[in-house]
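Residue numbers (this note's numbering), protein chains in the order written: chain A, 1 to 207; chain B, 208 to 400.
Derived from the structure by calculation, the hints contain no laboratory data. Incorrect hints may have been included.
[What the hints assert, rightly or not] Below, a list of computed lysine-lysine pairs in the BS3-like style, where the Cα atoms sit at most 30 Å apart: (1) A:Lys56 x B:Lys238; (2) A:Lys121 x B:Lys384; (3) B:Lys364 x A:Lys119; (4) A:Lys119 x B:Lys280; (5) A:Lys195 x B:Lys334; (6) A:Lys195 x B:Lys384; (7) B:Lys384 x B:Lys338; (8) A:Lys45 x B:Lys280; (9) A:Lys119 x B:Lys353; (10) B:Lys334 x B:Lys364; (11) A:Lys45 x A:Lys169; (12) B:Lys353 x B:Lys326; (13) B:Lys326 x B:Lys338; (14) B:Lys270 x B:Lys257; (15) A:Lys45 x B:Lys314; (16) A:Lys195 x A:Lys119; (17) B:Lys238 x A:Lys61; (18) B:Lys384 x B:Lys357; (19) A:Lys45 x A:Lys137; (20) A:Lys119 x A:Lys137; (21) A:Lys74 x B:Lys314; (22) B:Lys338 x A:Lys137; (23) B:Lys364 x A:Lys121; (24) B:Lys238 x B:Lys384; (25) A:Lys121 x B:Lys314; (26) B:Lys326 x B:Lys393; (27) B:Lys364 x B:Lys384; (28) B:Lys364 x A:Lys195; (29) A:Lys121 x A:Lys153; (30) A:Lys74 x B:Lys353; (31) B:Lys384 x B:Lys334; (32) B:Lys334 x A:Lys119; (33) B:Lys393 x A:Lys195; (34) B:Lys384 x B:Lys314; (35) B:Lys280 x B:Lys270; (36) A:Lys56 x B:Lys314; (37) A:Lys121 x B:Lys338; (38) B:Lys280 x A:Lys153.
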Amino acid sequence: MEKYDLAHATVREMLTEMKDISEIMVDLAYASIMFDSEETAEEVKNLESDMEDLSKNIRIKAMLSARTYKDATKLSSLLEVAAASRRISNAAGDIVQLIQCEVNKRPFLTFILREAEEKIKRLILMDNSDMVGRSVKELGVESETGMRIIAIKRGKRWIYDPEEEIVLKAGDTMIVRGTDDGYDILRSYANGEEKWPIYPDDEGEDD
Amino acid sequence: MEQLDEMLLELKDTSELMIDLAYSSLLYNNKEIAEEVVTMEEMLDELANKIQRQAIERVVNDKDEEKAFTVIKLAAAVEEISDAAMQIAMVTINDPEPHPVIRLSIKDADTTITLAEVKDGSDLVGKTLGKMRLASQSGMWAVAIKRGRKYVFGPDKSTVVEVGDVIISRGPPDAEKYFQDLCLGKERLEEPY
Chain A
1 MEKYDLAHAT VREMLTEMKD ISEIMVDLAY ASIMFDSEET AEEVKNLESD
51 MEDLSKNIRI KAMLSARTYK DATKLSSLLE VAAASRRISN AAGDIVQLIQ
101 CEVNKRPFLT FILREAEEKI KRLILMDNSD MVGRSVKELG VESETGMRII
151 AIKRGKRWIY DPEEEIVLKA GDTMIVRGTD DGYDILRSYA NGEEKWPIYP
201 DDEGEDD
Chain B
208 MEQLDEMLLE LKDTSELMID LAYSSLLYNN KEIAEEVVTM EEMLDELANK
258 IQRQAIERVV NDKDEEKAFT VIKLAAAVEE ISDAAMQIAM VTINDPEPHP
308 VIRLSIKDAD TTITLAEVKD GSDLVGKTLG KMRLASQSGM WAVAIKRGRK
358 YVFGPDKSTV VEVGDVIISR GPPDAEKYFQ DLCLGKERLE EPY
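Throw the hints in and build the complete structure from the sequences for me.
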């Protein structure tokens, strides 16, 4: 998760961040239930408190930038959107509380989540995969496969909502979200069965 | 899958679609999409009530209070997400012209929204979303299709794409161009995997 100086962040940056965090929180919340991961649940709680800070700061910044009645009206609807993303994050916080319910009483949850349109799944990056040693950005994992990496477990360490610049290592466990066929494609790259595709116009294109 | 589980699944999938639609309505200042979010929210309210009632019946009949508790909690949380989607959609409905920063923020996000019209000659024409595997091929997930004056909200695997369809989709910013080129017919679909 990107950390930056809240005092200097603009309203635009904070609103983007709030949208991003709220969405990753929902994915992580479901993942924590599916894989019974207390650590992931903990991360959702941390993100919830980040959201509180953002929520407060975006209000302050918005108030400071309003000069006219018209400004204030426009900004008030912007803050409404910010409030909605905070609401999503609170809902994610409620979902992770379910982890406290007895594990044997919630297998149906995992079952339901397995049937969802977009699923959350796990896969391990093998030594012989050509994804190893390359960054998520360089590979363009999501645009290539439709699968979003929501977390990586590296040894004992968890990396949540990994930065695009993160370089993948053999043995990484990736928690991903997307469709079944996207998962099958990604898995065939991750276990080295298939080579990561190279496009002729990849070189020199830098955006 | 039993009925209760199916209802929960529908609640979850719909709530996520609603968020995507709500942001789409804001980005394109589209009140029709926003109205659909409101309709879906009403539907989910009823669904959530039904789920919670059934869960309570379960306690009475099976004495399975732990599962009922989990179901009720989850349904409430997911309903909260749909309420948030409606909150966003209401901005589109009430605000004649949303603040330009809102649009910029959506475009800057890790997951953004884009749209493109399907032109004659595009590989997508005449194929179902399932067959073309739009999500895994392009990285973009279709959230709505505008066909003439009508919309298909939350199109599924069996939805056939036609010439002139406007596909609204959600995905990473670096997938936008390929998706648009696919719709325009400038790019081809890869061979079936």
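Each hint, compared with the structure:
1. This hinted pair checks out: Lys56 (chain A) and Lys238 (chain B) have alpha carbons roughly 29 Å apart, not beyond 30 Å.
2. A distance of roughly 27 Å separates the Cα atoms of Lys121 (chain A) and Lys384 (chain B); the hinted pair therefore holds under the 30 Å criterion.
3. Distance restraint check for Lys364 (chain B) and Lys119 (chain A): the Cα-Cα separation of roughly 15 Å lies within the 30 Å cut-off, and the hinted pair is therefore satisfied.
4. Of the pairs offered as hints, the one joining Lys119 (chain A) and Lys280 (chain B) holds, with about 21 Å between alpha carbons and a cut-off of 30 Å not exceeded.
5. Under the criterion of a C-alpha separation no larger than 30 Å, the hint pairing Lys195 (chain A) with Lys334 (chain B) is consistent with the structure, at around 27 Å.
6. The straight-line distance between the Cα atoms of Lys195 (chain A) and Lys384 (chain B) is roughly 23 Å, inside the 30 Å bound, and the hint therefore holds.
7. Under the criterion of a C-alpha separation no larger than 30 Å, the hint pairing Lys384 (chain B) with Lys338 (chain B) is consistent with the structure, at around 21 Å.
8. Restraint check for Lys45 (chain A) and Lys280 (chain B): satisfied, since their Cα atoms lie roughly 17 Å apart, inside the 30 Å limit.
9. For the hint linking Lys119 (chain A) to Lys353 (chain B), the alpha-carbon distance of about 26 Å falls within 30 Å, and the restraint holds.
10. Annotation: proposed proximity of Lys334 (chain B) to Lys364 (chain B) holds, straight-line Cα distance about 10 Å (limit 30 Å).
11. Restraint check: the Cα-Cα separation between Lys45 (chain A) and Lys169 (chain A) comes to about 27 Å, which is no more than 30 Å; the hinted pair holds.
12. Between Lys353 (chain B) and Lys326 (chain B) the alpha-carbon distance is near 13 Å, which keeps this suggested pair within the 30 Å criterion.
13. The straight-line distance between the Cα atoms of Lys326 (chain B) and Lys338 (chain B) is roughly 18 Å, inside the 30 Å bound, and the hint therefore holds.
14. Taking the CA atoms of Lys270 (chain B) and Lys257 (chain B), the gap is about 19 Å. The hint holds against a cut of 30 Å.
15. Simply put, Lys45 (chain A) and Lys314 (chain B) have alpha-carbon atoms about 27 Å apart, close enough for the 30 Å limit, and the pair holds.
16. With a C-alpha separation of about 24 Å, the suggested pairing of Lys195 (chain A) with Lys119 (chain A) holds against the 30 Å cut-off.
17. Among the hinted pairs, Lys238 (chain B) with Lys61 (chain A) is consistent with the structure: their alpha-carbon atoms are about 28 Å apart, no more than 30 Å.
18. For the hint pairing Lys384 (chain B) with Lys357 (chain B), the CA-to-CA distance comes to about 25 Å; that is within 30 Å, so the pair holds.
19. Annotation: proposed proximity of Lys45 (chain A) to Lys137 (chain A) holds, straight-line Cα distance about 27 Å (limit 30 Å).
20. Of the pairs offered as hints, the one joining Lys119 (chain A) and Lys137 (chain A) holds, with about 22 Å between alpha carbons and a cut-off of 30 Å not exceeded.
21. Of the pairs offered as hints, the one joining Lys74 (chain A) and Lys314 (chain B) holds, with about 18 Å between alpha carbons and a cut-off of 30 Å not exceeded.
22. Our distance criterion of 30 Å between C-alpha atoms is met by Lys338 (chain B) and Lys137 (chain A), whose separation comes to about 27 Å.
23. A C-alpha spacing of about 20 Å is found between Lys364 (chain B) and Lys121 (chain A), which places the hinted pair at or below 30 Å, so the restraint holds.
24. Between the alpha carbons of Lys238 (chain B) and Lys384 (chain B) the distance comes to roughly 26 Å, so the proposed pair stays at or under 30 Å and holds.
25. Between Lys121 (chain A) and Lys314 (chain B) the CA atoms are separated by roughly 27 Å; this keeps the pair inside 30 Å, and the hint holds.
26. Distance check on the hinted pair: Lys326 (chain B) and Lys393 (chain B) sit about 10 Å apart at the alpha-carbon level, within 30 Å; holds.
27. Proposed proximity of Lys364 (chain B) and Lys384 (chain B) is supported: the alpha carbons are some 22 Å apart, at most 30 Å.
28. A distance of roughly 27 Å separates the Cα atoms of Lys364 (chain B) and Lys195 (chain A); the hinted pair therefore holds under the 30 Å criterion.
29. This hinted pair checks out: Lys121 (chain A) and Lys153 (chain A) have alpha carbons roughly 13 Å apart, not beyond 30 Å.
30. At roughly 28 Å between alpha-carbon atoms, Lys74 (chain A) and Lys353 (chain B) fall within 30 Å of each other, so this suggested pair holds.
31. Distance hint between Lys384 (chain B) and Lys334 (chain B) is fulfilled; the C-alpha atoms sit about 20 Å from each other, no more than 30 Å.
32. With a C-alpha separation of about 23 Å, the suggested pairing of Lys334 (chain B) with Lys119 (chain A) holds against the 30 Å cut-off.
33. Simply put, Lys393 (chain B) and Lys195 (chain A) have alpha-carbon atoms about 25 Å apart, close enough for the 30 Å limit, and the pair holds.
34. For a cut-off of 30 Å, the pair hint linking Lys384 (chain B) to Lys314 (chain B) stands: about 13 Å separates their Cα positions.
35. Between Lys280 (chain B) and Lys270 (chain B), the direct Cα distance comes to roughly 17 Å. Compliance with the 30 Å bound is thereby established for this hinted pair.
36. Of the supplied pair hints, the one linking Lys56 (chain A) and Lys314 (chain B) holds, its CA atoms being roughly 23 Å apart against a limit of 30 Å.
37. Simply put, Lys121 (chain A) and Lys338 (chain B) have alpha-carbon atoms about 22 Å apart, close enough for the 30 Å limit, and the pair holds.
38. The hinted pair formed by Lys280 (chain B) and Lys153 (chain A) meets the criterion: a straight-line CA distance of about 28 Å does not exceed 30 Å.
The structure fails none of the hints (numbered hints given earlier).
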